[in-house]
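Chemist: Sequence:
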Amino acid sequence: LGPDGPISYDEYVKSAVLAGSTENGVFGARVMWETMDEVVAKLRAVQGHPCGPDLEVLEQALGSTRFVHLQRKDVLAQAISWFRAEQSGHWQDEDATLARHRLQFDVEAIDGYVVTVNEHNAAWHEWFDASGVEPLIVFYEGLVADMEAVIGVVVEFLGLEMPTGHVVTAGTLRQADHLNDEWAERYRTHKRLGQGSSI
Numbered sequence: 001l002g003p004d005g006p007i008s009y010d011e012y013v014k015s016a017v018l019a020g021s022t023e024n025g026v027f028g029a030r031v032m033w034e035t036m037d038e039v040v041a042k043l044r045a046v047q048g049h050p051c052g053p054d055l056e057v058l059e060q061a062l063g064s065t066r067f068v069h070l071q072r073k074d075v076l077a078q079a080i081s082w083f084r085a086e087q088s089g090h091w092q093d094e095d096a097t098l099a100r101h102r103l104q105f106d107v108e109a110i111d112g113y114v115v116t117v118n119e120h121n122a123a124w125h126e127w128f129d130a131s132g133v134e135p136l137i138v139f140y141e142g143l144v145a146d147m148e149a150v151i152g153v154v155v156e157f158l159g160l161e162m163p164t165g166h167v168v169t170a171g172t173l174r175q176a177d178h179l180n181d182e183w184a185e186r187y188r189t190h191k192r193l194g195q196g197s198s199i
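Using the working numbering, read the sequence shown as starting at 1 and increasing by one per residue.
Because the hints were derived from the structure by calculation, they are not lab data.
Here the structure is a predicted model, which means the values were calculated and not measured.
Ideal Cβ positions, reconstructed from N, Cα and C, are used throughout, including at glycine.
Please note: incorrect hints may appear among the correct ones.
Derived DEER-like restraints, expressed as beta-carbon distance ranges [what the hints assert, rightly or not]:
#1 T164 <-> S21: 37 to 47 Å
#2 H120 <-> Q87: 27 to 37 Å
#3 L193 <-> E156: 45 to 55 Å
#4 V115 <-> A19: 34 to 44 Å
#5 T169 <-> S131: 14 to 24 Å
#6 E182 <-> A19: 19 to 29 Å
#7 M147 <-> A19: 31 to 41 Å
#8 E148 <-> G25: 37 to 47 Å
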């Protein structure tokens, strides 16, 4: 809703781009695969492109686009982090550690997230191929190991330059701790023993 009532999705996107663009005019958005269809469908509705390619629809709303595809080599670790965040309701703040006592290990639930992560990764690659897009692939593990170097690669890929004197810092806190490692080991043990039920 705007101050004068409901606004169209097109106006919403334009406002988001305006508010989210940096001084050099660059706008960045994080899109999860599970919301990609919704974003494109809503843009089609307001643009009148019922049959146009997805990329054409996105670029009409956002201008020339480039894609950085962030994925994780350790799919199990990603699945555990996702499951943990869903349980706690905390995704990127320090309060997540306060909810540890409410977290329950569940092999079947983690299995489901492993499947979903793999499906989403495959879907993204299929979409990139179908759209003729060559994304920059960034692995989470590399980003954690050397964030400044990886950000430098991303900036170069986007055809930009890092501002003089700029210090690269993480905008969010890392949620994983020893509990994630414990769950990963418990999961692998259950799989080795052929057990799939919740405990």
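Chemist: Each hint: holds or not?
Modeler: A quick look at each hint next to the structure:
1. T164 <-> S21: 37 to 47 Å: With Cβ atoms ~20 Å apart, the hint is violated.
2. H120 <-> Q87: 27 to 37 Å: Because 19 Å falls outside the window, the suggested range is violated.
3. L193 <-> E156: 45 to 55 Å: At 47 Å between Cβs, range holds.
4. V115 <-> A19: 34 to 44 Å: Distance hint for V115, A19 holds at roughly 36 Å.
5. T169 <-> S131: 14 to 24 Å: violated, 33 Å
6. E182 <-> A19: 19 to 29 Å: With a Cβ separation near 41 Å, E182 and A19 fall outside 19 to 29 Å, so the hint is violated.
7. M147 <-> A19: 31 to 41 Å: violated, 25 Å
8. E148 <-> G25: 37 to 47 Å: violated, 24 Å
Checked against the numbered hints above, the structure breaks hints 1, 2, 5, 6, 7 and 8 and satisfies the rest.
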